[in-house]
Amino acid sequence: MVDIVIQARDAAIIEAIKVKRILPFRLHRMVGPFIFMDHAGPVLNTPPIVSSLDVLPHPHIGLSTVSYLFGGQVVHRDSTGVEQIIRPGEVNWMTAGSGISHSERFEDPAALAEGKLEMIQTWVALPEKDEESAPTFNNYTPDQLPIFTDKGVWMRLIAGNAYGLGNHVKTNSPLFYLHVVLEQGARFGLPIEHTERSFYIVKGSVELSGVTYPAGQMLVFTKGVDPVILARENSTLMMLGGEPLGERFIWWNFVSSRKERIEQAKEDWKQGRIVLPPTDNKEFTPLPDDRYGAPPKPEPLS
1 MVDIVIQARD AAIIEAIKVK RILPFRLHRM VGPFIFMDHA GPVLNTPPIV SSLDVLPHPH
61 IGLSTVSYLF GGQVVHRDST GVEQIIRPGE VNWMTAGSGI SHSERFEDPA ALAEGKLEMI
121 QTWVALPEKD EESAPTFNNY TPDQLPIFTD KGVWMRLIAG NAYGLGNHVK TNSPLFYLHV
181 VLEQGARFGL PIEHTERSFY IVKGSVELSG VTYPAGQMLV FTKGVDPVIL ARENSTLMML
241 GGEPLGERFI WWNFVSSRKE RIEQAKEDWK QGRIVLPPTD NKEFTPLPDD RYGAPPKPEP
301 LS
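Sequential numbering of the sequence shown, starting at 1, is according to the UniProt record's numbering.
No lab work stands behind these hints, which were simulated from the structure alone. Hints are supplied without guarantee of correctness; some may be wrong.
Calculated cross-link-like contacts (lysine-lysine; reagent style DSSO-like; alpha-carbon spacing at most 27 Å) [stated by the list, open to error]:
{"#": "1", "residue 1": "Lys129", "residue 2": "Lys20"}
{"#": "2", "residue 1": "Lys282", "residue 2": "Lys129"}
{"#": "3", "residue 1": "Lys259", "residue 2": "Lys270"}
{"#": "4", "residue 1": "Lys170", "residue 2": "Lys129"}
{"#": "5", "residue 1": "Lys270", "residue 2": "Lys129"}
{"#": "6", "residue 1": "Lys20", "residue 2": "Lys116"}
{"#": "7", "residue 1": "Lys259", "residue 2": "Lys223"}
{"#": "8", "residue 1": "Lys116", "residue 2": "Lys18"}
{"#": "9", "residue 1": "Lys18", "residue 2": "Lys203"}
{"#": "10", "residue 1": "Lys116", "residue 2": "Lys129"}
{"#": "11", "residue 1": "Lys18", "residue 2": "Lys266"}
{"#": "12", "residue 1": "Lys20", "residue 2": "Lys151"}
{"#": "13", "residue 1": "Lys266", "residue 2": "Lys282"}
{"#": "14", "residue 1": "Lys116", "residue 2": "Lys203"}
{"#": "15", "residue 1": "Lys151", "residue 2": "Lys170"}
{"#": "16", "residue 1": "Lys170", "residue 2": "Lys223"}
Note that the coordinates shown come from a computational prediction; the quantities given were computed from them, not determined experimentally.
Given these sequences and hints, build the entire structure.
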């Protein structure tokens, strides 16, 4: 019934921020157009210097980043001039296209207190025709996102289409992305209209066909498999998927259907051709090298 179970792995965005990395996974690189997924927090131990959590300006090409908070807040600044405080329940959709840089700053100590900060960030690959589109950023508030409730079920549609629901979050290919909260004993199913489907267990545990799956796992399904999800306890899920886009290459923060485009992006960042955010341009993240002193090769995702 389950195509594959992906166990989140420990990773670090920067030294002070440890995350659970779900995608990409070596045995299943993408789910629909989703190529990357990190679960950060809850941050239980706030460092004495809050700015040590900051993610300095860094570049992207060929993808959209989607930031979704359960708690806390983050200040986003990007090279298009946008400055946006990201708050829980909002959808913050940044399309890199031909190239963008942005930072994520933690400027309110109160938003970090008592383990409040917790977020999911996903990357959505762009269709080839949109890989060189102009960069954009859009913020969607919770009142713009439809909510469905039933006995023991609460669900917010973050983006795309599912269960007959849609919203005005701009996407570039067919997909769905949902925040689902289940009470103990509640039953729920995956949307049936998409080719590739999955859910990640943020909190709690669920049962499928007599097997219990704990928090920190992603379950992936193909079309035609329609599992019944039983919440073994109060649980939070992120459901996502859609239509596959074909092979993609990924290196650091760059995604493309062409290896040579990633090589160009490396040089563009080194030479300053991807500009810094105008209100956050005093520091930046340098292009990484691997432990042998040479940048890692672009890795295909399909």
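Taking the hints in turn, this is what the structure says about them:
For the hint linking Lys129 to Lys20, the alpha-carbon distance of about 32 Å lies beyond 27 Å, and the restraint is violated. Restraint check for Lys282 and Lys129: not satisfied, since their Cα atoms lie roughly 34 Å apart, outside the 27 Å limit. For the hint linking Lys259 to Lys270, the alpha-carbon distance of about 17 Å falls within 27 Å, and the restraint holds. Between Lys170 and Lys129, the direct Cα distance comes to roughly 16 Å. Compliance with the 27 Å bound is thereby established for this hinted pair.
At most 27 Å may separate the alpha-carbon atoms for a hinted pair to count; Lys270 and Lys129 meet this at roughly 26 Å. Between Lys20 and Lys116 the CA atoms are separated by roughly 17 Å; this keeps the pair inside 27 Å, and the hint holds. Annotation: proposed proximity of Lys259 to Lys223 is violated, straight-line Cα distance about 30 Å (limit 27 Å). Between the alpha carbons of Lys116 and Lys18 the distance comes to roughly 15 Å, so the proposed pair stays at or under 27 Å and holds.
For the proposed pair Lys18 and Lys203, the alpha carbon gap of about 17 Å is at most 27 Å, so the pair holds. With a C-alpha separation of about 39 Å, the suggested pairing of Lys116 with Lys129 is violated against the 27 Å cut-off. About 25 Å separates the Cα atoms of Lys18 and Lys266, which keeps this hinted pair within 27 Å; it holds. This hinted pair does not check out: Lys20 and Lys151 have alpha carbons roughly 31 Å apart, beyond 27 Å.
With a C-alpha separation of about 20 Å, the suggested pairing of Lys266 with Lys282 holds against the 27 Å cut-off. Straight-line distance between C-alpha atoms of Lys116 and Lys203 comes to about 15 Å, which keeps the hinted pair within the 27 Å bound. With a C-alpha separation of about 30 Å, the suggested pairing of Lys151 with Lys170 is violated against the 27 Å cut-off. For a cut-off of 27 Å, the pair hint linking Lys170 to Lys223 stands: about 24 Å separates their Cα positions.
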